[in-house]
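Student: Given only the sequences and the hints, what does the whole structure look like? Please build it.
To convert, note that position 348 of the sequence shown is 1162 in this note's numbering; the numbers rise steadily by one, no gaps.
Worth flagging that the hints you see were computed from the coordinates, not collected in a lab. Virtual Cβ for every residue (Gly too), placed ideally from N, Cα, C. It cannot be assumed that every hint is accurate.
To be verified - Within a straight-line C-alpha distance of at most 20 Å, the following computed DMTMM-like cross-link-like pairs (lysine to aspartate or glutamate) qualify: (1) Lys1136 x Glu1155; (2) Lys1172 x Asp1134; (3) Lys1037 x Asp1053; (4) Lys900 x Glu890; (5) Lys1172 x Glu1139; (6) Lys1037 x Asp1076; (7) Lys900 x Glu1031; (8) Lys1136 x Asp1117; (9) Lys1123 x Asp1134; (10) Lys1037 x Glu1055; (11) Lys1123 x Asp1099; (12) Lys1037 x Glu1061; (13) Lys1123 x Asp1111; (14) Lys900 x Asp993; (15) Lys900 x Glu910; (16) Lys900 x Glu950; (17) Lys1136 x Asp1111.
Said to hold, decoys possible - Between beta-carbon pairs, the in silico distance windows are: (18) Ile974 x Pro1109: 33 to 43 Å; (19) Asp976 x Pro1026: 42 to 52 Å; (20) Arg1072 x Arg1049: 14 to 24 Å; (21) Ala1029 x Gln1083: 22 to 32 Å; (22) Ala919 x Gly894: 44 to 54 Å; (23) Glu914 x Arg947: 25 to 35 Å; (24) Gly933 x Lys1037: 51 to 61 Å; (25) Glu890 x Glu1061: 35 to 45 Å.
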Amino acid sequence: MLIAAALFGVQPSPAALLSSPPVPILRAVAGRAEPALQRTAAARSIAMCDASVLQMPERPAAEEVAERIRSRLTPEEEQGLALDMKMLRRWTATREELAERLQRAPSHFEWSVAIGFVGDERAFVRSLALLYRQRERLIVSNLPFVAHIAQRYRHCGVPIQDLIQEGTLGLISAAERYDPSYGCRFSTYSVHWIQMRIGRLASTSSRLIRLPVRAGERLRRVKQLRNLFMLREGRWPSDGELAEAAEITEGQLQTALRSGLDTVSLEAQMPAGGASGRGSATLTDMLPAPEGCDPADALAARDLRALLKQSLAGLLDPRDAKMMELLYALDEGEGRRTAEEVGVLFSVRRIEAKCLRKLQDQRQLVVRLRTYLES
815 MLIAAALFGV QPSPAALLSS PPVPILRAVA GRAEPALQRT AAARSIAMCD
865 ASVLQMPERP AAEEVAERIR SRLTPEEEQG LALDMKMLRR WTATREELAE
915 RLQRAPSHFE WSVAIGFVGD ERAFVRSLAL LYRQRERLIV SNLPFVAHIA
965 QRYRHCGVPI QDLIQEGTLG LISAAERYDP SYGCRFSTYS VHWIQMRIGR
1015 LASTSSRLIR LPVRAGERLR RVKQLRNLFM LREGRWPSDG ELAEAAEITE
1065 GQLQTALRSG LDTVSLEAQM PAGGASGRGS ATLTDMLPAP EGCDPADALA
1115 ARDLRALLKQ SLAGLLDPRD AKMMELLYAL DEGEGRRTAE EVGVLFSVRR
1165 IEAKCLRKLQ DQRQLVVRLR TYLES
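Tutor: Quick look at the structure:
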């Protein structure tokens, strides 16, 4: 159920909210791109790739929805509702100031006295209820515009119902702030608030890793410019052309494109077995080993550790052999210990020099190592 329905006790039908879907942008842009725009130079196309051009394909559909909304309310009615909203804002601000001063919620009588209302408490309650009904009327009459704007974000991975709910919150914010002295209709003023709420939801909820709002807006703009260039020129733009169109550096462009990459679990099942697709493996199984991690080198290092451990066991007593293994990390999976750590562990000092002097006199170890290295 829409947030507007929960707040105001109304439930617009889905058919009414989702009526008159926008003209698909690809069809609209393609129609404008033939045939003259296809013959323009790349520089001219880039120069025209600005925010105003991006809005051109959807403008007819948006104007149609706006006109249908405006037909529900005459300019005089809309201005009267806006004045009621202005009065409601003033009353609400007075109530908040009074509550802060009294350190409690004021009664209706105290509230009416604070705003200078002429009449008894019952008349004040009726007037307050009327203002809330007027706000409800202004919001509900513009709900189809919310559904229309939400359709633009339907491919962002967020359910359309959630987009409409968030857009309705933006519409409520617009209704609480609109002033007829701005010189525009309410439907025009509310677009910014609706798009801001829906855009933020799309940025924060459509991805596993949340993008900052500005980064998400830059990424959407880059994608729009790239698709528009492809429609006009029949090819994808270079990084330089795309960065120039977006009015950013190539480094910022690469950062924006990298931020748009999808995340994949390392445990995701990947097809294996060639073209037949028989069997399966995880993405971790298919990732290449890190640079410098040659399997042959790993096997050679393991064999060398085993040879050294075997030689130490035959040339030194068990205690000294274990201390040398700890000092030089001959045990696989264990890190190298310092002489101080080994000395504390075995309650001895100067163990490394003592063991090395003992090993220098053992020609058997030298022969084994030379044989290993030559092989």
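Student: Each hint: holds or not?
Tutor: So, going through the hints one by one against the coordinates:
{"no.": "1", "hint": "Lys1136 x Glu1155", "result": "holds, 13 Å"}
{"no.": "2", "hint": "Lys1172 x Asp1134", "result": "holds, 10 Å"}
{"no.": "3", "hint": "Lys1037 x Asp1053", "result": "holds, 12 Å"}
{"no.": "4", "hint": "Lys900 x Glu890", "result": "holds, 15 Å"}
{"no.": "5", "hint": "Lys1172 x Glu1139", "result": "holds, 15 Å"}
{"no.": "6", "hint": "Lys1037 x Asp1076", "result": "holds, 15 Å"}
{"no.": "7", "hint": "Lys900 x Glu1031", "result": "violated, 32 Å"}
{"no.": "8", "hint": "Lys1136 x Asp1117", "result": "holds, 18 Å"}
{"no.": "9", "hint": "Lys1123 x Asp1134", "result": "holds, 11 Å"}
{"no.": "10", "hint": "Lys1037 x Glu1055", "result": "holds, 13 Å"}
{"no.": "11", "hint": "Lys1123 x Asp1099", "result": "violated, 32 Å"}
{"no.": "12", "hint": "Lys1037 x Glu1061", "result": "holds, 14 Å"}
{"no.": "13", "hint": "Lys1123 x Asp1111", "result": "holds, 18 Å"}
{"no.": "14", "hint": "Lys900 x Asp993", "result": "holds, 7 Å"}
{"no.": "15", "hint": "Lys900 x Glu910", "result": "holds, 16 Å"}
{"no.": "16", "hint": "Lys900 x Glu950", "result": "holds, 14 Å"}
{"no.": "17", "hint": "Lys1136 x Asp1111", "result": "violated, 25 Å"}
{"no.": "18", "hint": "Ile974 x Pro1109: 33 to 43 Å", "result": "violated, 51 Å"}
{"no.": "19", "hint": "Asp976 x Pro1026: 42 to 52 Å", "result": "violated, 20 Å"}
{"no.": "20", "hint": "Arg1072 x Arg1049: 14 to 24 Å", "result": "holds, 22 Å"}
{"no.": "21", "hint": "Ala1029 x Gln1083: 22 to 32 Å", "result": "holds, 31 Å"}
{"no.": "22", "hint": "Ala919 x Gly894: 44 to 54 Å", "result": "violated, 30 Å"}
{"no.": "23", "hint": "Glu914 x Arg947: 25 to 35 Å", "result": "holds, 27 Å"}
{"no.": "24", "hint": "Gly933 x Lys1037: 51 to 61 Å", "result": "holds, 57 Å"}
{"no.": "25", "hint": "Glu890 x Glu1061: 35 to 45 Å", "result": "holds, 42 Å"}
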